[in-house]
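Enquirer: Those protein sequence lines, which keep their order, are chains A and B.
Numbered per UniProt numbering, the first sequence spans residues 1 to 172.
Numbered per UniProt numbering, the second sequence spans residues 1 to 523.
Just so you know, these hints were derived from the structure itself, not from any lab.
C-beta: ideal position from N, C-alpha, C; glycine also.
Check the hints yourself; a few may be wrong.
To be verified - Some chain B residues near chain A, calculated using beta-carbon distances under 7 Å: (1) 163; (2) 284; (3) 355; (4) 359; (5) 366; (6) 371.
Said to hold, decoys possible - Residues of chain B placed beyond 12 Å of chain A at every Cβ, according to the derived structure: (7) 70; (8) 195; (9) 219; (10) 253; (11) 259; (12) 261; (13) 279; (14) 318; (15) 322; (16) 337; (17) 342; (18) 367; (19) 405.
The residues making up each chain are set out below.
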Amino acid sequence: MTQTLKGLSRRALLQRATAASATFVVGTGFLAAPDAAWAIETTALKPETMATLVQMARDIYPHDQIGDEHYVTAVKGYDTTEAAEGIEAGIAKLNAAAQAAGHDSYLGMGWERDRVDVLRGMEDDPFFQQIRGGLVTGLYNNKAVWPIFGYEGESFSKGGYIDRGFNDINWI
Amino acid sequence: MSAPFDLNDDSVVVVIGTGAGGGVVASELAKKGVSVVALEAGGRHLPEDFVNDEWDSFGQLAWLDARTTSGDWRVAKDFSGLPAWIVKSVGGTTQHWAGASLRFQDHEWKALSTYGAVEGATLLDWPIDAAEMAPWYAKAEDKLQVTRTNGRPGLPGNNNYSVFEAGAKAMGYSDVHTGRMAIASDEGSDRITCQQTGFCFQGCKWGAKWSAGYHEIPEGEATGNLEVRPQAHVARILHNDAGKVTGVEYFDADGNLQMQKARLVCLAGNSFESPRLLLNSASSMFPNGLANSADHVGRHYMRHMTGSVYAVFDQPVKFWRGTTMAGIITDESRHDPSRGFVGGYEMETLALGLPFMAAFLDPGAWGREFTSALDQYENMAGMWLVGEDMPQATNRVTLNTDVQDQWGLPVPNVHFDDHPNDIAMRNHAYAQGQAIYDAVGATRTFPTPPYPSTHNLGTNRMSENPEDGVVNKWGQTHDIANLFISDGSQFTTGAAENPTLTIVALAIRQADHIAGEMAAGNL
Numbered sequence: 001m002t003q004t005l006k007g008l009s010r011r012a013l014l015q016r017a018t019a020a021s022a023t024f025v026v027g028t029g030f031l032a033a034p035d036a037a038w039a040i041e042t043t044a045l046k047p048e049t050m051a052t053l054v055q056m057a058r059d060i061y062p063h064d065q066i067g068d069e070h071y072v073t074a075v076k077g078y079d080t081t082e083a084a085e086g087i088e089a090g091i092a093k094l095n096a097a098a099q100a101a102g103h104d105s106y107l108g109m110g111w112e113r114d115r116v117d118v119l120r121g122m123e124d125d126p127f128f129q130q131i132r133g134g135l136v137t138g139l140y141n142n143k144a145v146w147p148i149f150g151y152e153g154e155s156f157s158k159g160g161y162i163d164r165g166f167n168d169i170n171w172i
Numbered sequence: 001m002s003a004p005f006d007l008n009d010d011s012v013v014v015v016i017g018t019g020a021g022g023g024v025v026a027s028e029l030a031k032k033g034v035s036v037v038a039l040e041a042g043g044r045h046l047p048e049d050f051v052n053d054e055w056d057s058f059g060q061l062a063w064l065d066a067r068t069t070s071g072d073w074r075v076a077k078d079f080s081g082l083p084a085w086i087v088k089s090v091g092g093t094t095q096h097w098a099g100a101s102l103r104f105q106d107h108e109w110k111a112l113s114t115y116g117a118v119e120g121a122t123l124l125d126w127p128i129d130a131a132e133m134a135p136w137y138a139k140a141e142d143k144l145q146v147t148r149t150n151g152r153p154g155l156p157g158n159n160n161y162s163v164f165e166a167g168a169k170a171m172g173y174s175d176v177h178t179g180r181m182a183i184a185s186d187e188g189s190d191r192i193t194c195q196q197t198g199f200c201f202q203g204c205k206w207g208a209k210w211s212a213g214y215h216e217i218p219e220g221e222a223t224g225n226l227e228v229r230p231q232a233h234v235a236r237i238l239h240n241d242a243g244k245v246t247g248v249e250y251f252d253a254d255g256n257l258q259m260q261k262a263r264l265v266c267l268a269g270n271s272f273e274s275p276r277l278l279l280n281s282a283s284s285m286f287p288n289g290l291a292n293s294a295d296h297v298g299r300h301y302m303r304h305m306t307g308s309v310y311a312v313f314d315q316p317v318k319f320w321r322g323t324t325m326a327g328i329i330t331d332e333s334r335h336d337p338s339r340g341f342v343g344g345y346e347m348e349t350l351a352l353g354l355p356f357m358a359a360f361l362d363p364g365a366w367g368r369e370f371t372s373a374l375d376q377y378e379n380m381a382g383m384w385l386v387g388e389d390m391p392q393a394t395n396r397v398t399l400n401t402d403v404q405d406q407w408g409l410p411v412p413n414v415h416f417d418d419h420p421n422d423i424a425m426r427n428h429a430y431a432q433g434q435a436i437y438d439a440v441g442a443t444r445t446f447p448t449p450p451y452p453s454t455h456n457l458g459t460n461r462m463s464e465n466p467e468d469g470v471v472n473k474w475g476q477t478h479d480i481a482n483l484f485i486s487d488g489s490q491f492t493t494g495a496a497e498n499p500t501l502t503i504v505a506l507a508i509r510q511a512d513h514i515a516g517e518m519a520a521g522n523l
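Take these sequences, add in the hints, and give me the full structure.
Expert: See the structure below:
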């Protein structure tokens, strides 16, 4: 997703990594998919924080058919100096809750149900609501995900559906 | 083409707001030779400006000025600063509306007489009835080119309608069809007929749907008697020592305060802004606000009993294709207290795009229960439920002096608590809506809570007796002879039907009355 990291092979990416899990490869100032399908450089947030945020986003609105890159797109706007302090604090709180539940960290919890339990526990927290509320548009108003749901978006330029199946249902 | 009038010209009628009420009353007066200045808070957006994109369009058209909420309605929690989804534009909410154009049923003009007193409700009979309104409804239907009236054909049904109709018939409902819609269906129309594009809520880019913004207002402007001033936000209505309205103060597009003199004022800012303006116009002569001697301004706020039912099937529906509101079942709109509530409700198909479905299906919800529903978006069908809600004196628009808008004016606070009759009706409607989809094989159904209100009614209600309301049967305020209310805030009760056709019919009738009285020298 960024020019400097995009061309790297999986092998090269892993060589630059400081940590890797089944979900993410985390390096100094970057976060990437284990298969190097996408990578993002972080400037204000710690890469580990971004990784946790991406996992949190998926746990809030889990769609198994949607790749991590779209969740990254939905939350990468928080990687700013203005937002970073609040996000770091929120993720620290999330990790503290995970540790209180007997885990190393939020990302260290292997089962979605355990992570969701932690999220349920902080559902009324302004940080949770900030992330959830932002995802409503950050995730679902991304035109790149619309085809995954079958949604066709704009239709005026194609002449509407008068000749393109507005009444093509055949099973009712 | 459109006549510019001088700020000091006190012969003009000033119309505040250019939606279904104000746009029509302004244009109708202009066609009768009356000089009109229409002040519109929003800008001018024509079909070529509209966008087939839900959030972009929302940013373009929605009224987003600060408002606050209170009460037990879920909107106050989920959308606390957005009590209504209505429009700030020349043409008002007729830019956004779906187009459903239904007459009241005869008995709905006489809610108190028909239903009897309901505890906690401030029901009242309208001072007008079905016979009085019939000719005005006919004029409104022709103006809007309403389908299935006066020989115009119905629209073809889309996929969402096919599911809805099959479910309705399986349930034994008899009155189901593709609606009475202000969308051109007749090849002989001077408008482009419906192209089944979807995005009716985002403004019809074909101009197939009637809007005051691009149909009514230009007709009025063509007479040379109507000047529309967009981006003119009215701050106060002024009066003289005799208690007559003399003009209005407004902030122009550059933020400068202007004063337009007026012979008569028609107020049509919708059920939030109209009472707000009357309250913000308080003076030493009218300390409680204009037209408020009986303390009804802002009260009896109604928003219709609403809700939605969405359903998932095991095969695709693609319900976003075609007319957004593509059909109606009217069987439940009757008054039948055996169902456990007074009044009735309509069921009308509705579709949302993916972005709005995510926002509105179950606001605040998250996790797999929610996302597994959206995963089936392509296989969804949907309907909207709209019925008569009970007027209550405590459901009201007041001034929130703690919050000011961009002009430094107190914003409206909208307080709403559901009446037990509203809740009973909504629960009945949810059950029937879910049963309709279950009857044709739904695998999952969703009783979806009300959205921010689109039907906002009753805050300057019409009454026979001055002590019971704000305006008389002409929409003329009981207190001030040259101040009229021309929007849905004059509704005495809400009826089950989408209100626009009635607002338009009342506006045509009001313009006829005002022009006649002016010609006779009475106004």
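Enquirer: Now, for every hint given, state plainly whether the structure supports it.
Expert: Do the hints match the structure? See the list:
1. 163: At 6 Å from the nearest chain A Cβ, residue 163 of chain B passes the 7 Å test, so the hint holds.
2. 284: violated, 45 Å
3. 355: For residue 355 of chain B, the interface hint holds, since the closest Cβ of chain A sits about 4 Å away, which is under 7 Å.
4. 359: With Cβ-Cβ at 5 Å, under 7 Å, it holds.
5. 366: Since chain A brings a Cβ to about 5 Å from residue 366 of chain B, closer than 7 Å, the hint holds.
6. 371: At about 5 Å, which falls below the 7 Å cut-off, the nearest Cβ of chain A leaves the hint on residue 371 of chain B intact, so it holds.
7. 70: Given that every Cβ of chain A is farther than 12 Å from that of residue 70 of chain B, nearest at about 20 Å, it holds.
8. 195: The claim is violated: residue 195 of chain B sits with its nearest Cβ about 4 Å from chain A, within 12 Å.
9. 219: holds, 25 Å
10. 253: Correct as stated: the minimum Cβ-Cβ distance to chain A is 29 Å, above 12 Å.
11. 259: Holds, since 41 Å exceeds 12 Å.
12. 261: The claim stands: residue 261 of chain B keeps its Cβ more than 12 Å from every Cβ of chain A (closest is about 43 Å).
13. 279: holds, 32 Å
14. 318: At about 7 Å from chain A, residue 318 of chain B fails to clear the 12 Å cut-off, so the statement is violated.
15. 322: violated, 4 Å
16. 337: Its Cβ never comes within 12 Å of chain A, the nearest being 34 Å, so this holds.
17. 342: Given that every Cβ of chain A is farther than 12 Å from that of residue 342 of chain B, nearest at about 35 Å, it holds.
18. 367: Residue 367 of chain B is in fact no farther than 12 Å from some Cβ atom of chain A, at 6 Å.
19. 405: Given a closest Cβ separation of 23 Å, the condition holds.
Of the numbered hints listed earlier, those contradicted by the structure are 2, 8, 14, 15, 18.
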